[in-house]
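K.L.:
Quick one: dock chain against chain with the hints and give me the complex.
Line by line, the protein sequences give chains F and W.
Using my numbering, the first residue of the first sequence is number 11, and each one after it goes up by one.
Using my numbering, the first residue of the second sequence is number 806, and each one after it goes up by one.
The set of hints was computed from the structure by calculation and includes no laboratory data.
Just so you know, nobody snuck in bad clues.
Interface residues of chain W toward chain F, partial, derived using beta-carbon atoms under 8 Å:
(1) THR895
(2) PRO1046
(3) PRO1050
Not the full set, but computed from the structure, chain F residues with beta-carbon under 8 Å of chain W:
(4) ARG50
(5) HIS51
(6) GLY64
(7) ARG81
(8) HIS83
(9) GLY84
(10) GLY116
To spell it out: a stretch of chain W is covered by chain F in this simulated footprint if at least three of its residues, at any positions, have a beta carbon under 8 Å from a beta carbon of chain F; those stretches are:
(11) 989-995
(12) 1005-1017
(13) 1039-1045
(14) 1055-1063
No residue lacks a Cβ here, since even glycine has one placed at the ideal position from N, Cα and C.
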Amino acid sequence: MVTVVELDDLGFDRGAHLLVDRALRGQPPGTVVEVRGSDRHLAVHLRSWARRRGHGVAGARVIAGGAEARRWHGAERAGGARPGEVVERAPASWGVAARGALVEAGGPPLAGIDLDAKAEVWTDLAPKLYAQALASQWDPAVAVDWDEPHLHDDVEAAVVQVMTYLVENEQTALVVPARFLGRIHPHYREVVQFLAVQVADEARHVEVFTRRALLHGEALGVSGAGGRASLQTLMAEAELSLASFLLSVLGEGTFLNLLSFLEHHAPDPVTRQVSRLALADEARHVAFGQAHLEHRVACDPSLRSRLRAATERRHAALARTAGLAPEVFDALVVLAAGGWSTEAVGRGWDRVMALQAEMDEGRQRRLVRLGFPPAEAAALSGLHTRNFM
Amino acid sequence: MLPGEGGPLTLGAVAYDPKVVTIWDGFRRWFAARDFAFDFVLYSNYERQVEDLLAGRIHVAWNSPLAWVRARRLGEAAGRPVRAVAMRDTDCDLTSVVVVRAESPVAEVGQLRGATVAVGAVDSPQATLLPLAHLGDAGLVAGADFKVRRFDVGVGLHGDHIGGEREAARALAGGEVDAACMIDGNHLLFSTEGTLAPGATRVLTQTPPYDHCNMTVSAEADPAAVEAFTGLLRSMDYADPEVRPLLDLEGLKEWWPGRLEGYRPLEAAVDRLGFYDASGRVTAAEYEP
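Next up, chain W with everything else stripped away, as it sits in the complex (with noise of 0.2 Å):
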């Protein structure tokens, strides 16, 4: 059903781990609970999602970071413009790091300079395009300064599956490599799961706080529909023993509007490290969903 057509407002969603279906099945019911026609569509990888957004398949997509990026690009590239219309709380103003080894001689960004960093997936903002670009800013070019050791799990879902970077945790561990590149609460999470002992790695340097992932609108949604969802998502209660599950799957304890500056850091990482380019077109090496 295409937007304006009165069937349901349908979701792009990414089927990044088997609770997506629980968490969107879930929301799906609590929304035809308060009478608002709404239905979903799981994709393997988010160029499929965008891509489909920009082509009036579905209506919203539920973005990483990255794939609002694009999808950005896209839309101006076609003069159909998409908007960030909700975000989750906990998607505001994260952190990335770079992390060595307690003991490790580098006691500033400027010595790794020939070492061997680990970084996530390709596709990973958190864990490779965004710590990437910060070293960049720092003056070390990934590849000809130092060495970029990546750990390709879950490629196409942009880093949404942990396991890159906890591979990269671990070969930080083992003395494979000589800095690792997590979000901060994976830092704090393989601290505390035994992946990193606690004490024994130090944050190198983190990065400018960044914005993850959003609710994406295409130009051509109902308005009224795109209201509607986004007045029923902020009214989603953390009380509400029925919605609280969901939202504690999804990680998060509100909805807030969706909000632009907190992208400006992948939009200059993605320039930077040619991922995409101004079009939006996937200008990524070794990059296959």
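One chain only, chain F, in its complex shape (with noise of 0.2 Å):
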């Protein structure tokens, strides 16, 4: 029986060949459909556009071709569409198919894509982490109440530093998970969306500790060259996990203890809400670097020797320099003082003392459940950048 296509008057000029597209999908070559219709220019372009597609025709009727079918010779999906069907590893070949797309054969293998292993790249946390992280975003302008009155100057100035201080800090950690973006298989999507929410949360963060350093003046505080080599070393490393480990579950993590002691003791509104904005953005850095590092080490726990050496090498890179300024230890001690008494500044500085204790118990217990022994985690935390990040 031969399949009919009524196209009425629509022409091929306006979309006709999906009508016969359809009636021939599937079918095997020499499959006969026979197409009717009123376009008065139907049987010229029957004709030229059933040539093009490899298809014969006689008269009015179709002879399917091979073609098309040929041409999805050799096609496979691109692993599950779900993120439980993630595959060991991603071929180059997907290429930036969607996940769980029907991939034509041919066209150029992914370069560049060499993070292409899902123990390399994966959490099972990483949907959910990046729906959060999505649900949580927050603009700079609306949550911010940016009128505020006028500090004393030098607790002004105090504030003024920590935040020059926060924002290459946060510059760096936008560049460290920007630069392996690019490197990661799109197979594993969700990694590099939290990953891309990741460096956006880093961006809003440089701006509003920007914006908080110039509410009241003009010029920002020193850079020190002790904190900036602390800095590049993070970015200096080119292993996933490794920078994972070294910027998000000791570096973020130590941050969350430094965000959350702004956020209480900060003698302003805008600079406490800032902070508790980013702090909460930073928990979810931590969470998904925790996570993804727990994931590594169950899968090689040979990692952790690794991960020992790691720290261990960025200490000794950073043996020779000084780490944090001390215009910024001194600024978190009048921060957190408030004041110029006496008394404020002893409990200032008793805050930061503090706080450097909860900054270490907090890197101790992401450490082991890392799986490293106590008395290991303790050695490890003592090892992190006096930088703080």
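P.N.:
This is the structure in structure tokens:
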């Protein structure tokens, strides 16, 4: 029986081919489809359309060719569509195809994508953390009430110095995941998506800390050479898991305590607000890094020795640098003091001491979760940069 | 390297578009992977390519239908007949159409008497020679019974450059001419891309089917090399992801054996319009490739 396609007055210049294509889809070569219609160019256009598609034509009848089926010879699904179906290693031949798409064979393989193994990049938490990240986005113009009274100049200077320090740290935290983003196979898209939002988070942090620094003046604080040296060692780490360990687990993990400290002790509401907002984002980054590392260590327990080596290497690289600039340390004390009375300065000092102890405890806790024995966790935490990040 | 001297089989192709380099460079690599020594030379126009084919500078020419007609005439005149060994599936049974605006009072070909008809370049088989000869068959002599407005884009490319046809279509849409000539596939293309509004034109007449390009080989080319070349072309499979993009660029799904009966209409048109003489000499007026 010959299939009949009724086109009415629909011409090939207005999409008639879709109906003919539909009738031919999946049919073996030689299948005949009769095309009927009243468009005045039907005969002329049917003939040229069919020729281009590799079909034969006899009058109003199209005889299916085999080109369409041959085009999909060797095509394969790029894994399953759902996050639970990611494959152990994503081939470069899938290119940037959507996960689960039917991929036509051929085309250039993905270039420069060296992070293509589930064990290297994946964490089952990625979809959930990405969804949380999206739901937690905030607009600095709306989320922060930027109107606030001027602080005492000396205290304001301390706040500006801390903000200056935060900006250089956030700029580093932006660059590190950004460098890995383009190296991860898009098959592991939730990881790529999460890191993309992480980069956007850091961009926003750079903005709000800069804006707070300039809220009442035109000049920023100082940038110490030791601090910058410490941050540049983070950017030099070429392996995703090691970079994630140094940046997220140790660095941003330490920053959770710092931002919480600023949220509680900053003398002005804007600093407290921006610290609170950044803290929520950083907590997500730490959770992702921690989950990624826990997955990696579960797959490959020997990774722990490389994490330890990375920490020691960074410590050695920074041994001859000053670490945290004294201006930053002092600014933290003044900021937490909120004034210049002896009583206030003493209180600020005590708070910064307590902060450093909390930072150390937090690092040790996260290291223990990665399977390091408590004594080793304590030793490694002690090797962490004095610059906090 | 001359034929029979053991060098690569050398093909000439006309560079009517930058994609020609991609296509033949890709085919060259594909042939090399199959241990077939092959190279190509690009020409700026078909006349030079055909002359070089007959002079033995190349073994194979990827010829337009008009270039085939000239190569055949030159070869026979010289006693060294050329052969058409392969063509694309899309080269067979094409037609050209003469189109008027939908609301035109011209209802039949005879009513074009005194009208202005737009055509493509002087050397376009599909947009000039074949449709003008077709109108001649209907009793209308170009230049005498109707005016011809020619759009000489890419002269020497034998109509491979679509520009002349598109300009002719634009002239029709703009009301500058009464009718325009084009290949059937371009009428569909122009109607979908917007050069012609859908439904705004009407096909007044359609030529009988004719064939388009072919692989023309010289009499001197090594028969074994030609056979190997033809066999490899025929074996190019649209299912092969390496060669498929090249086939797509070249506009075919598979290579077919060459056939000659489809060139009769163009041979007749060339004679009627005096484009070449019987020995393949260029006799067309105002033709400077």
